[in-house]
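S.K.: Chains as they are written, first to last, in my numbering: chain A, 23 to 383; chain B, 23 to 383; chain C, 1359 to 1644; chain D, 2 to 234; chain E, 2 to 234.
To be clear, the hints were calculated from the coordinates, so they are not data collected in a lab. Think of the CB as a built atom: it goes at the ideal place given N, C-alpha and C, for glycine as much as any other residue. Careful: at least some of the hints might be erroneous.
Said to hold, decoys possible - Partner residues are not named here, just some residues of chain E that face chain D (Cβ under 7 Å, in silico):
| no. | residue |
| --- | --- |
| 1 | Tyr71 |
| 2 | Ser122 |
| 3 | Pro129 |
| 4 | Val130 |
| 5 | Ala156 |
| 6 | Ala159 |
| 7 | Gly166 |
| 8 | Ser170 |
| 9 | Ser189 |
What the hints assert, rightly or not - Derived DSSO-like pairs: lysine-lysine, alpha-carbon spacing no greater than 27 Å straight-line:
| no. | chain 1 | residue 1 | chain 2 | residue 2 |
| --- | --- | --- | --- | --- |
| 10 | C | Lys1479 | C | Lys1503 |
| 11 | C | Lys1584 | C | Lys1385 |
| 12 | B | Lys287 | A | Lys353 |
| 13 | D | Lys151 | E | Lys61 |
| 14 | E | Lys61 | A | Lys287 |
| 15 | E | Lys151 | D | Lys61 |
| 16 | B | Lys36 | D | Lys151 |
| 17 | C | Lys1370 | C | Lys1503 |
| 18 | D | Lys151 | B | Lys91 |
| 19 | C | Lys1584 | C | Lys1370 |
| 20 | C | Lys1584 | C | Lys1607 |
| 21 | A | Lys91 | A | Lys136 |
| 22 | B | Lys91 | D | Lys61 |
| 23 | D | Lys151 | B | Lys136 |
| 24 | B | Lys36 | B | Lys91 |
| 25 | B | Lys136 | A | Lys287 |
| 26 | A | Lys91 | E | Lys61 |
| 27 | A | Lys36 | E | Lys61 |
| 28 | B | Lys287 | A | Lys194 |
| 29 | A | Lys36 | B | Lys136 |
| 30 | B | Lys36 | A | Lys136 |
| 31 | E | Lys151 | E | Lys61 |
| 32 | E | Lys151 | A | Lys136 |
| 33 | A | Lys353 | B | Lys353 |
| 34 | A | Lys353 | A | Lys287 |
| 35 | B | Lys36 | A | Lys36 |
Here are the chains, one letter per residue:
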Amino acid sequence: MIELEDVSKRFDDKAVLAGVTGRIERGEIFAVIGPSGAGKSTLLRLVDLLDTPTEGAIRIDGTDVHADKGQSLSIRRMMGMVFQKPAVFNSTVAENIAVGLRFRGADERAIREKVEDALEIVGLAGYGERRARTLSGGEMQRVALARAMVIEPEILLMDEPTANLDPVSVEKIEELVFCINRDLGTTILFSTHDMYQGQRLAHRIGVLMNGVFAQVGTPREVFTLPASRDVARFVGIENVIEGVVVAGEDGTVTVDAGGVRVRAKSPFPRGERVSLCIRSEDIRIAPAIRARRVFDGNILPGTVTSVVPRGPFSRVTVDCGLPLSSVLSWKAVEDLDIREGGRVEVSFAAESVHAVRAAQD
Amino acid sequence: MIELEDVSKRFDDKAVLAGVTGRIERGEIFAVIGPSGAGKSTLLRLVDLLDTPTEGAIRIDGTDVHADKGQSLSIRRMMGMVFQKPAVFNSTVAENIAVGLRFRGADERAIREKVEDALEIVGLAGYGERRARTLSGGEMQRVALARAMVIEPEILLMDEPTANLDPVSVEKIEELVFCINRDLGTTILFSTHDMYQGQRLAHRIGVLMNGVFAQVGTPREVFTLPASRDVARFVGIENVIEGVVVAGEDGTVTVDAGGVRVRAKSPFPRGERVSLCIRSEDIRIAPAIRARRVFDGNILPGTVTSVVPRGPFSRVTVDCGLPLSSVLSWKAVEDLDIREGGRVEVSFAAESVHAVRAAQD
Amino acid sequence: TTSDPTPIATEKQQLRIATTTSLYDTKLLAQITPIFEEQYNAEVLIVSAGTGKALEYGQRGDVDVLMVHDRAREDTFIGDGYGVNRRVFAYNYFVIVGPESDPAGIKGMQPEAAFVTIREKGMASESDVIFVSRGDNSGTHSKEKAIWKAAGLNYSADVQGSGDWYQEAGKGMGATLAMANEKQAYTLSDIGTYLAYKGDLDLVTLVDEGDILLNIYSAMQINPEKYPDVNSTVAKDWVNFMISDDVQKEIASFGVDQYGQPLFYAAQNDWEKIGVTQAEVKDPVL
Amino acid sequence: MYEIIEGFVEAIRLIVTLDPDVIAISARSVIISLTATVLATLLAIPLGATIYFGTFRGRKGLINLIQTLYALPTVVVGLLIFLLISRVGPFGFLRLLFTPTAMVIAQTVLILPIMTGLTISALSGVDPVLRDTLRSLGATRLQFLVNIMKEARFAILAAVAIGFGRAISEVGAAILVGGNIMASSFASSTRVLTTAISLETSMGNIPESIALGIVLLMIALGVNLAITTVQHR
Amino acid sequence: MYEIIEGFVEAIRLIVTLDPDVIAISARSVIISLTATVLATLLAIPLGATIYFGTFRGRKGLINLIQTLYALPTVVVGLLIFLLISRVGPFGFLRLLFTPTAMVIAQTVLILPIMTGLTISALSGVDPVLRDTLRSLGATRLQFLVNIMKEARFAILAAVAIGFGRAISEVGAAILVGGNIMASSFASSTRVLTTAISLETSMGNIPESIALGIVLLMIALGVNLAITTVQHR
Ligand SMILES: Nc1ncnc2c1ncn2[C@@H]1O[C@H](COP(=O)(O)OP(=O)(O)OP(=O)(O)O)[C@@H](O)[C@H]1O
Ligand SMILES: Nc1ncnc2c1ncn2[C@@H]1O[C@H](COP(=O)(O)OP(=O)(O)OP(=O)(O)O)[C@@H](O)[C@H]1O
Ligand SMILES: [Mg+2]
Ligand SMILES: [Mg+2]
């Protein structure tokens, strides 16, 4: 189990980590997500003893890993790491993957077998004798992955392990990570810029922002109940609205958002400034004529300002006094005849509105 | 306008590109997608004159770019390229971005201004004096992007330009690319492993597989009407079913898929072996009791085998004699009380089924 | 005189001299060149090298004057038409030096006998008698070979390679002395270098008499007919300068205050003793 | 051993008293070897780049040849130059023998192989992606070269340090083509530190030799500090 | 110039007739210089690694010192070793002076700085991500070093080539501590190719000098081909 206690790291005058505190349980898959430059790589490097924290402690099974340099090797040997920028040794692919096993004195036959297996698993069977330097970006990344996996570490650290991979390969790798965790009980700590990957794989997610974990929680918590406006934005909640609580009873409040009134479930008292987070998927859009007036929640009339394709869906933005976006399948857009400039009604339940205290600045 | 005519490239004995043919129009945004190792980087490098094709020709505005080495420089100066593995010069961030301008003899003041603007645009304002080597992965990628953009090339080549970026940064970069294309009329050719990015940005997409373009078309065509089973799989159509046409009339056929009969719009004659592609989004799932029998299409009863979170949705897989997956919002899953082992009915229109001739092997 | 294609800042004539190391290392030349430079408004460039290399420089016309001490090879050189106007300006004696213990027992012998003895003792088994030779075809080495010959031995057959007692250093005199000192061996040295090194050595002079040990230094011009652009005027001046009374006096007294004995004897009045013609020591070059 | 200490004492004496002979000799050493190093650098960089980026036949053989020439003894270099510039040689009419110019030429030739080889090494140390980046940014040949060199500056300057070290410390060529002449004018003299050291050694003046060796090293230290300063800019 | 042609002819003659003296001298050159190169490599690699990866105070100064020692003249190295091992020196009792062993020591000392410096250069050429990768894979110090060296093998072997080139081509130290002795037994002799070349030159035998120089270069070529073969494995 990995404990991060007030871990700080500064480079020259720049504080990158400013007191990260958290705990990764044994056997857990923990994802670190956060904007580019947030310090994800830095944090992983600190855990792998590749750099020393400026302040704070990192403990693995209770041992402060940075305290006793004499122990570094044995601690490091518990861990395997996949780096963000994949780098390979100037030898064959098989030799690259074998390195860690050789360090541990594995015998030749075992090495050959494990390497073959690993190649198979990462989808590079038959690449063993290729010179690693000539591999494509994604192939290198998979070699790096195989290299860290064959040593069967107790803790697997991965820094954006699928950044260069196509969705099909990503799926394979994710399955592999999942199996390793399940079958070997490996603790996995990885960073990703792909929030959905965090969600698919991780038991828990830590959102690294401004040098600290802005939120740590299950994927569901992070994605539906972001702890702050920034986290909300980051996890892809497209509708974040600023407002002030103007009335409230039974945990349901009315928020005034620049003239538009929105009903929301919220414990905040009158007068509190809040940010309202509404996932696009929870917003329904219907042609103005068809809308049912008896809906218990928010119904806002508005004009469609844009319809933008997004994967197999379209993102529809409606101006209701405040801009609100929803995601509809192409079929729905066609069926409901939604087009720019058209009048529609936007509806969402008070339960779909998650309110957080507004940022202090 | 870029013409690819039968472009082939082999490394030693390995054929990576085997006759790529296609045409990128002036002012177009063209995305190359394809599995890891398909040759996307190789293709871009050939266009940028960084490597020579083994066979075939690449023409830009009618000129065979590999024919006359004397012209290489002026042709190259029409283009800007962002590499997959970002690399920076060992100097400051500002110096890194200025390189291309210096090559073109821009004056100091213009350089300073353009560099400042570029930094602002890629979200690295204030980073100008930082040593580029100490940047994070995503920061480097943005520097590489800025470096290629400041020279305002006629053709912008980008090899997985957002592979290391978080969604928020990705969105910013995509907007930027969009603006460059719109405002400057820059032709943009980029590779990506993020199909949705291809879709969001590109006017047309080329799917590179097995050394050739397996399909070239608008995003809509590629995503809804994949040309082959492999393309279908690759663009994320989760339901691909093998079967034989057993009956047909008026362009609607009945396909026998291992005992289960599926109705599909298709021009194929009886006896033809086909692959049926059905997007998860087009598949509806309803509790068995609620299903309407009057539906004109396919209604298959089945048992839920798994419910897996996927972004803000859940992927529900149902065994109807053949496995079918659909994507539902979390709310829908709760509302409809869908759980593993539950009995449900799966329905989809014949129009939602896209049939392609089965692979010959 | 010559037209020199390389422009020179001063109007001074340049005189290039190739000299054997013993004249240079003893600093004799350093003492007398300033006098010449002032008298003749010339700049003297001295290249110090082994006799062989010095002759090579002369043969190629790279210098104007040669100062060496190997009569036999000088004769060939002049005979081949490269050198003219040789004048003898100094002489001294070679010495056989060795460890104070003198394991071969040659002290006071005639040089020829001493060499024979060293060889005999050296070739006996279990012997610690060693002779270190310059082995570099220098003037000194030539002299050594002449002594072996005079002792009735065939140098290449009976001496060279006849056993580990005879070792060829293949280096300059100073280094050879240092090596002999290190190995507590015998060697043949010119007196000047030996005296200059004496302070650092445990070697003593064992044999210093015998006509064969005579060492004659001469200066000559490079033949301007062979190399028309050599600086023959100043070269002539230099040769004449070397046999001038002033310089002869300098030579005779040089080193007395430092070593307690002269390093060289002036040739001026001893032409008979050293077996050269009077013209060679007295007659100015015209 | 006491000679070493004596050598140190002597070195300090020579330096603090600003012994004019030593200053002249040192200055000559620095001028000649720095000139040779600069010349060799100017030749080695384009040469190394041409070979490294070239695709001509016999490229491998050429690299091997260059590596082999690392072993070129200074005396042999001296001899070859000597034969070329001696009066009867093809360039004899230039009257270069026994001039500082000849020494510069000899040292340039001497260090050219090693500097070319090290340039090639330095270039191969540059990330290939950066090379592609430069090309893709539309660098002309010269711009490409300049920028690659900038990128490899650490290794290139290390090569310069090695070249300079070899030039200022060699004696074989200096003595053959220079002649170790101590004339009354600065420009006509060709005595440099190494030839002076050789001379002192052959005369058995070991402390003086060591003192001059120390002076030489101090000069080298100064030059290296300058190089390091540039290297870390 | 005809001496150069003569030199070539002479070189061919020496080689085809298997001149026993030349063979003995060449063999001695190779044995001494290879031994010195191997020794220096064995010392330079750990030394260079310690300095490169070290974080001690004065590291920069040390690197500067090493660069400065590139300029150590061979004569000075020879002198220092000479003073140490001469009969009256501290190690005089070992009776090493004028033995091949002494030459090996001197050449090792001579090339140690350059090989250490080049080792440091080679190490700094290795991608830092690879260093981190090795650490993260749990390499012991030794495993780390071995693998980094493997990665830097091109540059390291280039350093070996340079070291060997410098060792076999130097003459100042060889002549001072070896003595250029030609005795009748192989082991008592210390004449190597460079000292032989010097001798021939001082005797004015230019073609012979050049012939020996060619022999030396051919030997160096052989050694370099061997190194290149390993380099590209
Ligand atoms: N050695 C260093 N010196 C100075 N600044 C550094 C150094 N290493 C990292 N940084 C800075 O620290 C910040 C965090 O870097 P880090 O690589 O940890 O970010 P990240 O979260 O992994 O970002 P990305 O998603 O882009 O990879 C960045 O702004 C980076 O520029
Ligand atoms: N120089 C080379 N020598 C040998 N094979 C090479 C070389 N360069 C690329 N390849 C191979 O060519 C194939 C295509 O490489 P390329 O880099 O173009 O793939 P890609 O589509 O960009 O993949 P990715 O998405 O992983 O970046 C890969 O299998 C790669 O190993
Ligand atoms: Mg990172
Ligand atoms: Mg690629």
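S.K.: Decide, hint by hint, whether the structure agrees.
M.R.: Each hint, compared with the structure:
Evaluation of the Tyr71 (chain E) hint against chain D yields a held restraint, the C-beta minimum of about 3 Å falling below 7 Å. Restraint check, Ser122 (chain E) versus chain D: the minimum CB separation of about 5 Å is within 7 Å; hint holds. For the restraint placing Pro129 (chain E) at the interface with chain D, the shortest Cβ-Cβ distance is roughly 12 Å, beyond the 7 Å limit, so the hint is violated. At a threshold of 7 Å, the smallest CB-CB gap from Val130 (chain E) to chain D is about 11 Å, leaving the interface hint violated.
For Ala156 (chain E), the shortest C-beta to C-beta distance to chain D is roughly 6 Å, which falls under 7 Å, so the interface hint holds. The beta carbon of Ala159 (chain E) is positioned within 7 Å of a beta carbon in chain D (closest approach about 5 Å), and the interface hint is therefore held. Checking Gly166 (chain E) against chain D by beta carbon gives a least distance of about 3 Å; that is within 7 Å, so the hint holds. Because the smallest distance between the Cβ of Ser170 (chain E) and any Cβ of chain D comes to about 4 Å, under 7 Å, the interface hint for this residue holds.
Taking 7 Å as the C-beta cut-off, the interface hint given for Ser189 (chain E) is violated, the closest approach to chain D being about 24 Å. Using a Cα cut-off of 27 Å, the hinted pair Lys1479 (chain C) and Lys1503 (chain C) holds, with the two alpha carbons roughly 19 Å apart. Simply put, Lys1584 (chain C) and Lys1385 (chain C) have alpha-carbon atoms about 31 Å apart, too far for the 27 Å limit, and the pair is violated. Restraint check: the Cα-Cα separation between Lys287 (chain B) and Lys353 (chain A) comes to about 16 Å, which is no more than 27 Å; the hinted pair holds.
In summary, the hint linking Lys151 (chain D) to Lys61 (chain E) is supported, as the alpha carbons are separated by about 21 Å, within the 27 Å threshold. Proposed proximity of Lys61 (chain E) and Lys287 (chain A) is contradicted: the alpha carbons are some 64 Å apart, above 27 Å. A C-alpha spacing of about 21 Å is found between Lys151 (chain E) and Lys61 (chain D), which places the hinted pair at or below 27 Å, so the restraint holds. For a cut-off of 27 Å, the pair hint linking Lys36 (chain B) to Lys151 (chain D) is broken: about 36 Å separates their Cα positions.
Restraint check for Lys1370 (chain C) and Lys1503 (chain C): the C-alpha separation of about 43 Å exceeds 27 Å, so the hint is violated. Among the hinted pairs, Lys151 (chain D) with Lys91 (chain B) is consistent with the structure: their alpha-carbon atoms are about 26 Å apart, no more than 27 Å. In summary, the hint linking Lys1584 (chain C) to Lys1370 (chain C) is supported, as the alpha carbons are separated by about 24 Å, within the 27 Å threshold. For the suggested pair Lys1584 (chain C) and Lys1607 (chain C), the alpha carbons sit about 34 Å apart, so the restraint of at most 27 Å is broken.
A distance of roughly 31 Å separates the Cα atoms of Lys91 (chain A) and Lys136 (chain A); the hinted pair therefore is violated under the 27 Å criterion. In summary, the hint linking Lys91 (chain B) to Lys61 (chain D) is supported, as the alpha carbons are separated by about 24 Å, within the 27 Å threshold. A C-alpha spacing of about 23 Å is found between Lys151 (chain D) and Lys136 (chain B), which places the hinted pair at or below 27 Å, so the restraint holds. Distance restraint check for Lys36 (chain B) and Lys91 (chain B): the Cα-Cα separation of roughly 26 Å lies within the 27 Å cut-off, and the hinted pair is therefore satisfied.
For the hint pairing Lys136 (chain B) with Lys287 (chain A), the CA-to-CA distance comes to about 48 Å; that exceeds 27 Å, so the pair is violated. At roughly 24 Å between alpha-carbon atoms, Lys91 (chain A) and Lys61 (chain E) fall within 27 Å of each other, so this suggested pair holds. At roughly 25 Å between alpha-carbon atoms, Lys36 (chain A) and Lys61 (chain E) fall within 27 Å of each other, so this suggested pair holds. Under the criterion of a C-alpha separation no larger than 27 Å, the hint pairing Lys287 (chain B) with Lys194 (chain A) is inconsistent with the structure, at around 32 Å.
Restraint check: the Cα-Cα separation between Lys36 (chain A) and Lys136 (chain B) comes to about 26 Å, which is no more than 27 Å; the hinted pair holds. Proposed proximity of Lys36 (chain B) and Lys136 (chain A) is supported: the alpha carbons are some 26 Å apart, at most 27 Å. Only pairs whose Cα atoms come within 27 Å are accepted, and Lys151 (chain E) paired with Lys61 (chain E) is accepted, the gap being roughly 25 Å. A hinted pair counts as satisfied when its Cα atoms are at most 27 Å apart, and Lys151 (chain E) with Lys136 (chain A) qualifies at roughly 23 Å.
Restraint check: the Cα-Cα separation between Lys353 (chain A) and Lys353 (chain B) comes to about 20 Å, which is no more than 27 Å; the hinted pair holds. Note on Lys353 (chain A) and Lys287 (chain A): the hinted pairing is violated, with a Cα-Cα distance of about 32 Å set against a maximum of 27 Å. Restraint check for Lys36 (chain B) and Lys36 (chain A): the C-alpha separation of about 47 Å exceeds 27 Å, so the hint is violated.
Violated hints for the displayed structure, listed by number in ascending order: 3, 4, 9, 11, 14, 16, 17, 20, 21, 25, 28, 34, 35.
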